[in-house]
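Chains H and Y are the protein sequences, given in the same order. Every number in the working numbering is 772 more than the matching position in the first sequence, counting from 1. Every number in the working numbering is 543 more than the matching position in the second sequence, counting from 1.
Quick caveat, the hints were computed from the structure, so don't treat them as lab data. Note that this is a predicted model, so its numbers are computed, not measured. Note that the Cβ used here is the ideal one computed from N, Cα and C, for glycine as well. All the given hints hold, so there is nothing to weed out.
With a Cα cut of at most 27 Å, we get these calculated DSS-like pairs of lysine-lysine:
1. K623(Y) / K1047(H)
2. K968(H) / K979(H)
3. K847(H) / K687(Y)
4. K623(Y) / K574(Y)
5. K979(H) / K1070(H)
6. K998(H) / K647(Y)
7. K887(H) / K1093(H)
8. K623(Y) / K1029(H)
9. K882(H) / K623(Y)
10. K694(Y) / K847(H)
11. K1118(H) / K574(Y)
Label pairs and their calculated CB-CB ranges:
12. M1168(H) / A554(Y): 41 to 51 Å
13. K1118(H) / D698(Y): 26 to 36 Å
14. Q553(Y) / A825(H): 40 to 50 Å
15. S1042(H) / W696(Y): 50 to 60 Å
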Amino acid sequence: MPQPLEDQRTTVYKVDPEHPANPSLPTLRTEEMMLNMGPQHPSTHGVLKVVLALEGERIVKATPVMGFLHRGVEKLAEDGTYHQFIPHTDRLDYVCAMYNNFAYCRAVEKLLDLKVPPRAEYLRTIVAEVQRIIGHLFWLGTQALDIGAMTVFFYTFRDREILLDFFDELCGARLTTSWYRIGGVERDFTPDLVEKLRRFCDYFPPKLEEYVTFLNTNRIWLSRTKGVAVISAEDACNFGLSGPTLRGSGVDYDLRKFEPYAAYGECEWSVPVGKNGDTYDRYWVRVEEMRQSRNMVKQLLEKIPDGPVMADVPSVTLPPKDKVFNDLASMIQQFKLFSDGFQAPKGEIYCGTEAAKGELGFYIVSDGGGKPYRLKIRAPSFIHMGAFDFMARGYMIADIVTIFGTYDIVMGECDR
Amino acid sequence: MHPDAQKIQQAFPEAAQNAVEWRGDLTIQVKRERLHAVCRYLHGDPGLDYDYIVHVSSVDWPDHPERFEVVYEFYSIRRKQRIRVKTRVPEDDCVVDSMTDIWKGADFMEREVFDMMGIRFRNHPNLVRVLLPDDFPEGYPLRKDFPVRGKGWRDTFTFIGEKTG
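Bound-form chain Y, shown alone:
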C-alpha cells in the first residue's frame, strides 16, 4: 500500500475506507463525517504537506444508495505527490463540509460543484451558482437525470428528425 494511504489509515482508522492505486493515481475513500478532518491532516501534516488544491469534482451514480461522489484532488509541490480523496453523499442529504478554510481556492471549485451537481457545502462563505444564472430554474445539469438537450424552455424547440406540431 502507498505510504501516504497507510499514514492516513493509521491516523483515521475509522474514517479511511479504502485506498486504491490505479494508473499511478492514489485514491482514498473517506467517510463524509471525517472528510474535513482528513483534509486538514493532509494539508497540515509536515510529512504529507498537500499544499496545492488541484480540483474539486463530483460524480453522479443514480443506482447507488449513496448517489453522489465528491472528489477532491490535492498535490504536494514539495513531495511531487498527488492524492485524490473521495466521499459519498446520499441524495436526500447531499451536504459536505467545505474546504475553503484550508484551501482558499476551494471557494470557486466548490461553487461549481454546487452549480452543476447540487451538492451543498457547509460553512462555505458564498455558496451561489457560478456559471449558470442565479435564477436558473431547471435544476443541476450534470446530474444523470438531466437530459443533454436541456429542460424547460428548450423543450419547446423542434429538433431535426422530430415530428413538428
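So that you can see chain H by itself, here it is in the shape it has in the complex:
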C-alpha cells in the first residue's frame, strides 16, 4: 500500500538541519541546482550558453559556454591578403560593422605607416560616430526589451532604421558594409547624404529625450538596473573591461581621448563617466555617448575639408573605381592588389580603437609577406564574458539577462 503523498501546503519545514529550534519539524532537503540557460535563449543575443549553479533563485556560479559562433576568423586572416580581410571584419560585431572596418584599417595603416587624407579622416569619424549611435540604439532597445519594457525597442529600431538607410545610400549595404579601405574610404558622401545627416542631427535629440523619459520614470526599469551587476573601478581594470562597461565604473579610459585618432581631436566633446558601476550607470553612459556622438557628427559635418578620400600610394591603396574601368594602369593596380596584395614591412603592431562595445584591437604580426603572419583580434565582448561569473554571483536568476545585456554582447565578435 503506497504512502499517501504529504500535502506540502500545510507542512512546516525546517530548512536548516542544524537549527536547534523545534526538533520535531521535518527537515527540507536543500541542494544546489544546475540550470542550463541557452544556447537558444532569446535574450542571449546570439548563441551563448550559461551553466548556472543556483541556490533557490540566487546565482552561486555562472559558467559561460561559448564558441557556438566560432568561425576561425583569425586563421582565415592568415590565408588572405590584407585587403581581403576587410569583409571578414564586418562579421565580427555585426551590429557595428563600420567600426570593425575602421579598427582593422587603422591597424594596417599603423603597420604600413600610412597617412590618410584629411577628408577621409573626417568622413571616417562621422560614419564611425553614426555607427556608434546605431550600436547604442540597438543596445538600448534590446536591453529594455530583455528587462520587459517593450515600447522602447520599437522606437529605437525606427531610428536605427533611418541611419541604416544612410549606410545603404553610402555603400549599398545596411549591416555588412565594408566601406572603409586601407588608406581611406571606398567612396565619398553625396551632398544629399550630408543634408540628410544634418537633418537627422536636428531630429535625433528630442527623440532620445523621449526614450530616456520612458525608462527614467519607469519604476521597474530602475529597480532592475540600479545596483545590479556592480563592479568596482579597480576590478573592472583588472578584468580588462573597456568601453561603456568600464566607464560606468568611473574610469575615463576612452581611446578617442587617450590616443586621439582620425578627427576626434577636431571637435568638442567629453567622455561621460558613471559612478556606481551598476547597470544603470552603464545605461546612462551609453545614452550620454549617443548625445556626444550626435554633437560630434553635427560639428564635423560643417568642417569637412575638400580633397581626396583615398591616400595615393599605388603599391598599397586601391585606385578610384571609375578609373579602374577606363584606365589600364589603374586596372592592373587593382588586379595586382587583389590577387597578390601588398608587401607589408616586417614587424608587429597593436592598434586599439574605441568601438561601440569597447576597445577593439588588432594585433598584427607581419613577416614581410603579402598576408598577415598572425592576426589577433582583441574582441571586447569576449573579454567582458571573462568577468561574467564575477559580476553575476549573488544576483537573482532573472538578473542574468540584464547582465548579458549590460555588456552589449554580440556573439559574432565574442566567438570570432
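Chain H is already provided as a structure; the job is to place chain Y on it using the hints.
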C-alpha cells in the same frame, strides 16, 4: 631607450633580453622563467603601474628552435602607456606561468591561447578549451601546421576543383 624598458632592465638584468620600439609600440622580450616576476613588477611598481590587461596572444614560428611566442600586452591608464611583453616557449615544453593571480582578466585570454595554440599556463584555475568544444580532437587550429581547410571529418568533404571519388 624607453625609460620603462630601462627600468625593467635595471630591475631584471638577467631576464630582460631586449627592448624594441617600433611604430610607437614598446616591446620587451623576457626570459620565460622570469616572466611572472617581470609582470608582477609591471603591475605593482608605482612608477610603472600597468593596471590594465589588453590582450594575451601567441605566435607560431615553426622554424625557430623555441617555436612559440607568448605575447602579453598591458596598459597603464594613469600614465597612458602601453607595453608588450613577449616570451619564447619551445614546443616540447610549452608552459608559461599564468598571470591570473595578477590580472583576473587573464583567465579567459589565456584559455583562448591554450585553446588555439596549445600553450599551457601553470597555476591557471581552469585551463580548458573556451571556444572549441571540450573534446575537440584535431589539435590546435592556429598552429601553422594546421591546415586552413581543417582536419579530421572535414577531410571527407569534396571541395570545388578537386577530383571526386
